[in-house]
Amino acid sequence: MRFLLTLVLAVLAPAHEIGTTRVLVNFDSARTYEVEIATDATNLAEKLEQIAGGELAEGLDAARLEPLIAAREQEFRRRVKIQFDGVAVQPAIGLKLTPPVDANSAILATIRLTGAIPAGASNFTWSYGWTFVQYALSVRTGPGETPATVWLEGGRTSEPISVLSTMPMDRWSIAWRYLVLGFTHIIPHGLDHTLFVLGIYLLSSRLRSVLWQVSAFTAAHSITLGLSMYGLINVPASIVEPVIALSIAYVAVENIFLSELKSWRVGLVFVFGLLHGMGFAGVLQELGLPRSEFVTALLTFNLGVEAGQLTVIGLAFLLVGWRWSQRSWYRARIAVPASLLIAVTAFYWTYERLFL
Amino acid sequence: MAEPTRPPSPTSQCRKLERSGNRSGFAQARAGRSGPLLKGKTVRLLFFAATACLAHDMWIEPASFSPAPGQVVGLKLRVGQDLLGDPIPRDPSLINQFVVEDAQGRKQVPGRNGSDPAGYIRASAAGMHVVGYRSNASPVELPAAQFNQYLKEEGLEGVIAERARKNLTGAAARELFSRCAKSLVLSGTPSPAQGDRTLGFTLELVAERNPYTLRAGEELPVRLTYENKPLEGALVVAMNRANPDEKVSARSGKDGRVKLRLPAAAKMWLVKAVHMVPAPAGSGAEWQSFWASLTFGPAQTAVKAD
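Residue numbers (this note's numbering), protein chains in the order written: chain G, 1 to 356; chain U, 1 to 306.
Everything labelled a hint here was simulated from the structure, so no lab data went into it.
As the structure is a prediction and not an experimental result, all values here were calculated from the model.
You may find that some hints are simply not true.
Unchecked claim - Which bits of chain U does chain G cover? Going by a derived footprint, with three or more residues having C-beta under 8 Å, they are:
1. 74 to 82
2. 89 to 99
3. 106 to 118
Just so it is clear, CB atoms sit at the ideal spot from N, CA and C, and this is done for glycine as well.
All chains should be built: construct the whole structure from the sequences, respecting the hints.
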């Protein structure tokens with residue numbers, strides 16, 4: 001405990017009030033969760049007794065404290081909350097007290113909350129109200145993985161933590177899940193990518209123009225998505241995200257001055273596609289990929305992204321292109337104003353991603 | 001994932017939590033495994049889901065308020081709410097002053113870094129030992145809703161008005177907070193001659209009567225000073241461990257004084273007050289707060305006449 005505390009204090013300069021509670025969450029591939037709370041046993045017993053209107057006797061040893069804490073299980077549970085996709089679950093609970101290692105350390109209570117991850121659940125949230133100060137929450141999303149640690153304020157709910165990587169699914173379910181994730185990353189979640197694709201579409205209503213650009217974009221983002229996911233390239237989001245916004249603005253502005261496909265435009269779209277691929281990789285890294293079906297998930301996510309893009313183009317064609325793209329006023333009244341709107345939005349995003 | 005914002009703060013949980021239903025039980029699953037925690041070295045701070053939250057008090061809790069002469073007394077530092085507190089182990093980077101003053105003068109409070117209790121005193125002679133803990137400032141950033149609620153709960157209307165005047169009520173706030181905690185440990189029989197002492201903390205509560213000599217129904221006069229001058233209009237709150245929900249509170253007068261009529265109680269008292277001022281330029285925060293607290297034990301029946 002003392003070692004942990006020293007480590008914690010070293011990491012957390014400047015001065016912050018740090019308590020003595022630590023929480024470790026483990027998920028495993030059998031779709032179970034285990035939350036292990038390590039805390040000062042005497043202090044926990046004091047709080048439990050006080051809440052129940054009593055007072056803890058002084059100087060109790062581990063053997064005497066254990067039944068006292070165990071008897072307050074229901075009170076304890078009231079300030080602990082485990083949720084999957086926003087729905088609370090009721091874990092099994094285990095308690096172990098460890099006598100102090102030396103005269104200066106406290107009796108350690110280790111409380112284990114365990115249970116099965118509900119079928120189909122994709123995220124986990126945690127809240128622990130038996131501490132009022134900050135504590136370290138470490139999460140290990142799979143066996144043998146290094147836990148990631150965050151600081152959480154007592155009583156506050158953690159950000160949702162993905163448990164997708166623990167999903168034991170057959171290849172087809174994984175393929176379908178990642179296909180859907182890829183698609184929804186464009187519609188409705190990826191307004192920036194959607195506007196980029198619209199920008200590509202708005203240049204010229206000729207099929208040849210759309211096909212060339214979409215092919216270049218797809219080839220490019222597939223390359224960087226793959227390379228990023230295999231860890232071969234790694235460009236920080238702080239660079240990728242503003243440049244993606246800028247690429248949208250560029251394509252939209254060019255639409256205003258250009259009315260037909262040039263070969264260098266295809267080249268530029270290819271370069272921009274490389275950037276968007278890194279953006280997709282950022283999202284996919286946050287979602288997590290199942291180890292056993294890495295390639296399946298990567299390919300189907302990419303396919304989902306494609307399907308999303310083609311849907312955007314298809315909808316644009318159905319809504320405006322099909323009826324009006326051959327009209328003489330199409331460019332002046334639709335393509336140019338829409339591109340202008342996209343450019344303004346994208347310039348704002350660039351500013352936002354850089355400075356806000 | 002976004003780079004972390006600093007979370008720590010005197011904010012807390014305080015909502016009602018649901019009743020749980022599982023009955024598998026501590027008793028049935030006792031084979032707890034206490035694996036090593038914090039193995040990973042990466043420390044990433046997340047943004048946190050906002051909840052309705054109050055501010056947190058900090059106080060000193062001696063192992064005994066009435067030690068026998070010569071007895072060593074552990075001093076626990078606690079942060080929490082309604083006297084439910086978390087241990088704050090001794091952290092040299094937090095300590096600005098950790099002292100004890102008695103008739104013999106002022107001494108540093110020794111202790112072992114990382115340990116709870118954070119310090120120890122020896123009640124070397126009969127009389128009042130005034131313990132003081134002054135922390136360095138800790139930064140905190142709070143979302144607007146939480147900050148506003150905390151201002152309201154701590155009676156900081158001046159700051160609420162100032163934020164409204166600057167059109168900042170809806171803005172998150174960065175704050176530096178520091179602790180000015182005191183505790184009165186009395187060795188031997190109490191007498192009116194013994195009393196609290198002024199330690200010179202930025203914000204300080206000073207009991208103007210020996211609280212150990214109070215009879216039921218008598219008032220305890222307490223003076224609140226900010227930078228050694230009386231602080232007017234601050235909310236001073238007292239609560240007892242026996243019934244922390246029942247609070248006694250008053251606003252300090254022009255002379256910084258409040259009179260608290262404390263009911264007879266068998267347990268520890270906490271008197272507290274918070275003061276907030278604009279943070280100095282270049283500190284990276286808009287506000288700076290000081291958290292004064294004073295703890296003492298129950299009044300004693302045997303009182304020595306002066």
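Checked hints:
1. 74 to 82: holds (count 3)
2. 89 to 99: holds (count 4)
3. 106 to 118: holds (count 5)
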